[in-house]
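Protein chains in written order, with the numbering used here: chain A, 381 to 903; chain B, 381 to 903.
Simulated restraints on C-beta separations: (1) B:529 with A:758: 55 to 65 Å; (2) A:543 with B:737: 13 to 23 Å; (3) A:692 with B:682: 30 to 40 Å; (4) B:517 with A:692: 45 to 55 Å; (5) A:736 with B:638: 26 to 36 Å; (6) B:664 with A:738: 33 to 43 Å; (7) B:780 with A:825: 53 to 63 Å; (8) B:534 with A:710: 25 to 35 Å.
Here are some, though not all, of the chain B residues that point toward chain A, as calculated from beta-carbon distances under 8 Å: (9) 385; (10) 401; (11) 593; (12) 782.
It should be emphasised that the hints constitute simulated quantities derived from the structure, not laboratory data. Ideal Cβ positions, reconstructed from N, Cα and C, are used throughout, including at glycine.
There are 2 protein chains.
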Amino acid sequence: MDALHSLTLGDLLRENRRRFPLRTAGVCGGERWTYPELDERVNRLANALLGAGFEPGDRVLWLGQNCHRLFECLFAVAKIGGIVVPANWRQTAAELAFQIEDVDARVVIWQDEEIGDAVREARSSVSSAARWLQHDVPNADGPNTEGRRDDSYEEFIATGAPDDPDIDVDPFSGVLAIYTAAFGGRPNGALLSHFGFILENLTVAMLQHLDSDAIYLNSGPLFHVGSFMTTMATFQQGGTNVFMARFDAEEFCRLVDAERCTTGYVVGNIMDRVVEVNRDGQYDLTSLRLPGTPEWNAMVSAESTPWSRNAGGYGQTEVNGLVTFRGIGGDHEGTHGRTLPLAQLRIVDEDDHELGPGEVGEIVVRGPTAMVGYLHRPEINEHRQRGGWHHTFDLGRREIDGSITFIGPMTTMIKSGVENIYPAEVEAAIARHAGVAEVCVIGVPDAEWDQCVKAVVVAVAGVEVTDHDIIEHCKRNIASYKKPRSVEFTDALPRDVNGMVDRNAVDAAFGGGGYPGPKRTRG
Amino acid sequence: MDALHSLTLGDLLRENRRRFPLRTAGVCGGERWTYPELDERVNRLANALLGAGFEPGDRVLWLGQNCHRLFECLFAVAKIGGIVVPANWRQTAAELAFQIEDVDARVVIWQDEEIGDAVREARSSVSSAARWLQHDVPNADGPNTEGRRDDSYEEFIATGAPDDPDIDVDPFSGVLAIYTAAFGGRPNGALLSHFGFILENLTVAMLQHLDSDAIYLNSGPLFHVGSFMTTMATFQQGGTNVFMARFDAEEFCRLVDAERCTTGYVVGNIMDRVVEVNRDGQYDLTSLRLPGTPEWNAMVSAESTPWSRNAGGYGQTEVNGLVTFRGIGGDHEGTHGRTLPLAQLRIVDEDDHELGPGEVGEIVVRGPTAMVGYLHRPEINEHRQRGGWHHTFDLGRREIDGSITFIGPMTTMIKSGVENIYPAEVEAAIARHAGVAEVCVIGVPDAEWDQCVKAVVVAVAGVEVTDHDIIEHCKRNIASYKKPRSVEFTDALPRDVNGMVDRNAVDAAFGGGGYPGPKRTRG
Numbered sequence: 381m382d383a384l385h386s387l388t389l390g391d392l393l394r395e396n397r398r399r400f401p402l403r404t405a406g407v408c409g410g411e412r413w414t415y416p417e418l419d420e421r422v423n424r425l426a427n428a429l430l431g432a433g434f435e436p437g438d439r440v441l442w443l444g445q446n447c448h449r450l451f452e453c454l455f456a457v458a459k460i461g462g463i464v465v466p467a468n469w470r471q472t473a474a475e476l477a478f479q480i481e482d483v484d485a486r487v488v489i490w491q492d493e494e495i496g497d498a499v500r501e502a503r504s505s506v507s508s509a510a511r512w513l514q515h516d517v518p519n520a521d522g523p524n525t526e527g528r529r530d531d532s533y534e535e536f537i538a539t540g541a542p543d544d545p546d547i548d549v550d551p552f553s554g555v556l557a558i559y560t561a562a563f564g565g566r567p568n569g570a571l572l573s574h575f576g577f578i579l580e581n582l583t584v585a586m587l588q589h590l591d592s593d594a595i596y597l598n599s600g601p602l603f604h605v606g607s608f609m610t611t612m613a614t615f616q617q618g619g620t621n622v623f624m625a626r627f628d629a630e631e632f633c634r635l636v637d638a639e640r641c642t643t644g645y646v647v648g649n650i651m652d653r654v655v656e657v658n659r660d661g662q663y664d665l666t667s668l669r670l671p672g673t674p675e676w677n678a679m680v681s682a683e684s685t686p687w688s689r690n691a692g693g694y695g696q697t698e699v700n701g702l703v704t705f706r707g708i709g710g711d712h713e714g715t716h717g718r719t720l721p722l723a724q725l726r727i728v729d730e731d732d733h734e735l736g737p738g739e740v741g742e743i744v745v746r747g748p749t750a751m752v753g754y755l756h757r758p759e760i761n762e763h764r765q766r767g768g769w770h771h772t773f774d775l776g777r778r779e780i781d782g783s784i785t786f787i788g789p790m791t792t793m794i795k796s797g798v799e800n801i802y803p804a805e806v807e808a809a810i811a812r813h814a815g816v817a818e819v820c821v822i823g824v825p826d827a828e829w830d831q832c833v834k835a836v837v838v839a840v841a842g843v844e845v846t847d848h849d850i851i852e853h854c855k856r857n858i859a860s861y862k863k864p865r866s867v868e869f870t871d872a873l874p875r876d877v878n879g880m881v882d883r884n885a886v887d888a889a890f891g892g893g894g895y896p897g898p899k900r901t902r903g
Numbered sequence: 381m382d383a384l385h386s387l388t389l390g391d392l393l394r395e396n397r398r399r400f401p402l403r404t405a406g407v408c409g410g411e412r413w414t415y416p417e418l419d420e421r422v423n424r425l426a427n428a429l430l431g432a433g434f435e436p437g438d439r440v441l442w443l444g445q446n447c448h449r450l451f452e453c454l455f456a457v458a459k460i461g462g463i464v465v466p467a468n469w470r471q472t473a474a475e476l477a478f479q480i481e482d483v484d485a486r487v488v489i490w491q492d493e494e495i496g497d498a499v500r501e502a503r504s505s506v507s508s509a510a511r512w513l514q515h516d517v518p519n520a521d522g523p524n525t526e527g528r529r530d531d532s533y534e535e536f537i538a539t540g541a542p543d544d545p546d547i548d549v550d551p552f553s554g555v556l557a558i559y560t561a562a563f564g565g566r567p568n569g570a571l572l573s574h575f576g577f578i579l580e581n582l583t584v585a586m587l588q589h590l591d592s593d594a595i596y597l598n599s600g601p602l603f604h605v606g607s608f609m610t611t612m613a614t615f616q617q618g619g620t621n622v623f624m625a626r627f628d629a630e631e632f633c634r635l636v637d638a639e640r641c642t643t644g645y646v647v648g649n650i651m652d653r654v655v656e657v658n659r660d661g662q663y664d665l666t667s668l669r670l671p672g673t674p675e676w677n678a679m680v681s682a683e684s685t686p687w688s689r690n691a692g693g694y695g696q697t698e699v700n701g702l703v704t705f706r707g708i709g710g711d712h713e714g715t716h717g718r719t720l721p722l723a724q725l726r727i728v729d730e731d732d733h734e735l736g737p738g739e740v741g742e743i744v745v746r747g748p749t750a751m752v753g754y755l756h757r758p759e760i761n762e763h764r765q766r767g768g769w770h771h772t773f774d775l776g777r778r779e780i781d782g783s784i785t786f787i788g789p790m791t792t793m794i795k796s797g798v799e800n801i802y803p804a805e806v807e808a809a810i811a812r813h814a815g816v817a818e819v820c821v822i823g824v825p826d827a828e829w830d831q832c833v834k835a836v837v838v839a840v841a842g843v844e845v846t847d848h849d850i851i852e853h854c855k856r857n858i859a860s861y862k863k864p865r866s867v868e869f870t871d872a873l874p875r876d877v878n879g880m881v882d883r884n885a886v887d888a889a890f891g892g893g894g895y896p897g898p899k900r901t902r903g
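With the rest of the complex left out, here is chain A (with noise of 0.2 Å):
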């Protein structure tokens, strides 16, 4: 990639301290920076982390909740040729464990509040050679419960030069890694490079009808594309992050109504939460411009967009996030709209060869978009991108007006609110339980959540095991959200002819169903 046609993250920054100097970037418990002083803030931490010898490739990992650091860290490790690793919170110490060995991050910025013990238990079953870092302390001049000092992010900072380091960085190199897709029992991070970054945002700011006014309220977590990818959004059309730690419905009332925010993460339950917090009207959101149900659109300023009037679509992390959109391409057959003007995607056979309309096939994706490939593994990675295409490992079918229906994955997953739960991950969890012999993790269908996690155990003969070891088993070792919310014993699960377990026949027996798509096909 020559100089003269780049474009990274950084240059994006350098050039809204340009053409924005005077406009506020980002906003944090009741701090705001502009772009100038952003950027100056991001140069510090750049020059920092080379300081402390970073190199192209390394990584930062973030143990905590949103927050304008993590912001910076993104735009730092860009300019820098690193790559940045927004962890799941709320995941448990075992799985952050896994995480701060699977990352092997060069510098390791973690938080105290709400998720401290997890981070130091995490931490002192780990070896980890990185540089850690407090980011929730003004001055960490203490030493912390193990006895090691970290010194804070703001200390860290403040030992960089406010320059711009400026390096040559390739913009289809990796600048953000997001783990999901834990197919196989533990999760892969998917790392997304900056040009394609660059552009799914961009088409989200044109389907949003983003401008420089646009002041996006950071109510989901970042360690989901889908929330992510509006602050970028935000961000290249120059307007305002407005960051909260976590959603909460009061707070979140108070931030628009403080901030004056345009937009926000509202998905799922999150509008009724926020109009029966706001039933008396005392916070003004008359300023977001989001549509939604009449109660909502009473307190707000509706507006229609392409991305409001039809909302959703098919897409995954591995991809920046949708590849599909309803709210485009006019009327449709298909379930999931129509592909987004930059991307391309197939539905092919075991083949890979193209399957006609009306055929059910695996979506594959190729284009900008799609990731660099899995952190760290790359076996994994030759085989999702044989002969220069995504392998989604979801099925669709191609209508005959060319719009596109999802079908569901073709590893079996569990839909329980907006986040993906693999039975493969909780089967292991739970198979290390000393009273387990065999474990089947199904998904029951649930009112409130479409889905609740539901585990079929055959218990070791003699020892005494109870649903609720198995769940109290589980809160240890993975996120609780993840967790059986029932147990159900028996004495032997029913297999194929292959001797593998049969889990139609589990959801038959057990009460599963309710999977994401219109059927299982296969196990």
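Put chain B on the given structure of chain A with help from the hints.
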């Protein structure tokens, strides 16, 4: 560029074939083609070109007016790594001859209608090894005036197989060359890449709020990037392009009415001419969504978009059109708004050091939308792209609020209507007249066209030459719009201390003025 992350114009057409199989891609002369039909014709043309020995980097020169076949040529060369060059059909035979030699095309496609005489004269004056095809006859089965026999475009395309040639093409390679920038007396072909063109056009689609319902009337010339960008934005969104050979107010109205066009290329006095033709309301123009004058708005369905609210900005062909735009980024002090989301722009001094707000310097631009370079001009390219930034030869200033004021070209240019006229080019033509000893071409203010061209001539002693002679000479040698409207004779041109013609003194003495930008800064 690895295959997984690639995206070319050919890929966009392939994807539109998949996602919009039933939609009309193009309408021309009453005929219409769906996206699959367009793709099949493109494949046939691409395969026919390969059969004619076409290799990556080879050129197709289009000597014709607007037509769906030019659109097909763009995609056909895109699929096989070639370049299409749409010539300005208003050029004289001498100018066309220069371009035929300069482009050195593998295939030349020409039209007889309106420009046949100039094409034949140009062709007879140069040696061209190209395969020549005539596009505006269904079967060119007779000899042409020089006794040559050209196949027709349709005969040629019929020789190609309908299958996709399926060749890997670098998205950063050039695919379209548009001649411009005759600073040195001859124009240069700005070579635009797949990727640059695609990204610029996505931005245009975003600013115009174009979606798959867009029906664009190609009423502007496709040898101008300013017209072509909306053609492509419409294509990229899955909309419909309607082609007309050249602007004609009556035909404009008829096509809008018949095809329910939602937008068109409407600049300069086009709006007034359409209003005039449709004063009796015989044509239904309510499908048009572009706002304009009160009379115009009474005929159309005006819709507000960022594009229409505050149209205009700074740009040039070499950067794919617009780099800054008035309609984004809110209020701005600068005359030309702020840089587009994917653009990077600096104001620099003569040593390429970035200048601060309020200082006037050269505008330099960087990023994927910058041209690959001028066709066959390695030395100029090296100079203009030094340091990894494209040097625009234009002067600008950044204001305190980050917005840009365009000052004017560093090299004197006359702006007559929407046309850029380079004095050096007109002077070179006039100097070839046997009766001319010295000449200086200036722009003089003009009520209708902003400026018109005036030649100040020193005649060769003893030779009788009139203003009529000079103007007729120009009409034979350069496009009519470049010829002087008036010629004034003088005994000697004023010169500066270095012996160079003092253009400011010529302006002062002969009524020059009204140049683009508030002041003339360099000769």
